[in-house]
Amino acid sequence: MAAKSNLQNMALCLTLTCLLCSAILGMVYAVTKAPIDAAAEAAAKAAIAEVLPEGGDISEAKTADLDGTTYEYYEEMGGGQVVAYAVKSSTNGFGGNLSLMVGVLPDGTIYNTKVLSHSETPGLGAKCTSDKKFTSQWNGFAKDKKLAVAKDGGDVDAITASTITSRAYTLAVSQARDLIKMLDPDATTGASLFDK
Amino acid sequence: MANKLSLITKGFIKENPTFVLVLGMCPTLATTTSAINGLEMGLATLFVLVLSNIAISLISPIVPDKVHIPVYIVVIATFVTVLQLVMQAYTPSVYKTLGLFIPLIVVNCIILGRAEAFACKNNWIDSALDGLGIGLGFTASLTVIGIVREILGSGSVFGWKFIAGDGILAFVMAPGAFMVLGYLLVLFNKIKK
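These protein sequence lines are chains F and B, in that order. Just so we're aligned: the first sequence equals residues 1 to 196 in our numbering. Just so we're aligned: the second sequence equals residues 197 to 389 in our numbering.
In isolation and in its complexed conformation, chain F is listed as follows (with noise of 0.2 angstroms):
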């Protein structure tokens, strides 16, 4: 069993654990940071990718700022100009941060989104990853669209049960299309006039 305790075989015996249980958490943080980081960014192009069309190059993070808040951004290139923007846009959900990416058109239509992280509820508020009465609805959101859940008397449905976290998607949805209303307000009166 056990040694006999006295005070210096405690200390020593403490600050020998501690040193060496430090040491291996700094050998291994030191081996997996590398994949870490890899796998976060791979994370984030893959949701940037997911949400623009095909085909443009994207470029590098740039940031806005909007009523106090900051963006971050990314354009994608075709044929000498913006084909479309990915902007990272956070809300409080139900259960806390709810952020997503958004891609948006410049004309203001939405042209798909994607959660890169939540904390909703499992079973209610986190379907708003899986729900695809829910999530296909942002595929291609027409810009005349009014950003409101149903129940505020918009155009967006809400996942059953989950109003809270519907209201705060709608609002990271609006808030992304802001930015770009702000960032590029010729292309969408331009478009707009086009359609008419």
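The hints are simulated quantities; they were obtained by calculation from the structure and are not laboratory data. From the three backbone atoms N, C-alpha and C, an ideal C-beta is built for every residue, glycine too. Treat the hints with caution; some may be incorrect.
Cross-link-like lysine-lysine pairs, in silico, BS3-like; alpha carbons within 25 angstroms at most [unchecked claim]:
id, chain 1, residue 1, chain 2, residue 2
1, B, K292, F, K132
2, F, K114, B, K357
3, F, K132, B, K357
4, B, K357, F, K133
5, F, K45, F, K181
6, B, K262, F, K4
7, F, K45, F, K33
8, F, K33, B, K292
9, F, K45, B, K292
10, B, K389, B, K206
11, B, K317, F, K4
12, F, K133, F, K88
13, F, K88, B, K292
14, F, K114, B, K292
15, F, K133, B, K292
16, F, K146, F, K88
Far from chain B, some chain F residues (derived; all Cβ distances over 10 angstroms) [what the hints assert, rightly or not]:
id, residue
17, K4
18, G55
19, A64
20, E72
21, G80
22, D107
23, G123
24, L124
25, S136
26, K146
27, A150
28, D155
29, T160
30, L171
Chain B: place on chain F using the hints.
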């Protein structure tokens, strides 16, 4: 040999950590929203349990009695952090669903419980087998709870949906966890007798 085998099998029935010892209830209730989550959480705990049992059986003879708990906790926390980093690096999708609960493995009573009750009194091979047995028992229990909750709550098993539409939402949330655990405890103890 039979003795060694019983070290592994006892975790399923005789000393089942969830239904007999009733340990580690926090991860049990929190992560069993679906069968796959329960299974993954069980396997993560199994990994930490085997390694910490081996390490603790090796160091326990030289650890002074009065500081053995802090030393064991540091050892367990180290393995949990290693697991967390490795999962983050090589299985990011699993980490995404379980990430929040991985640090909780440190305070899972099963791990410190096995360290205190078994690993510090036995050699490292027996301790590893004990960790394997208890870990497999824990994994099986979590998977069973997860399957029941997923069937009732979402109408699916391991993500395969057999009922269209929603299940009984309460079973996906905390109250359902308590109910399923309670009834399974009754059932298990009935069968065991």
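Report the numbers of all earlier hints that the structure fails to satisfy, in ascending order.
17, 23, 24, 29
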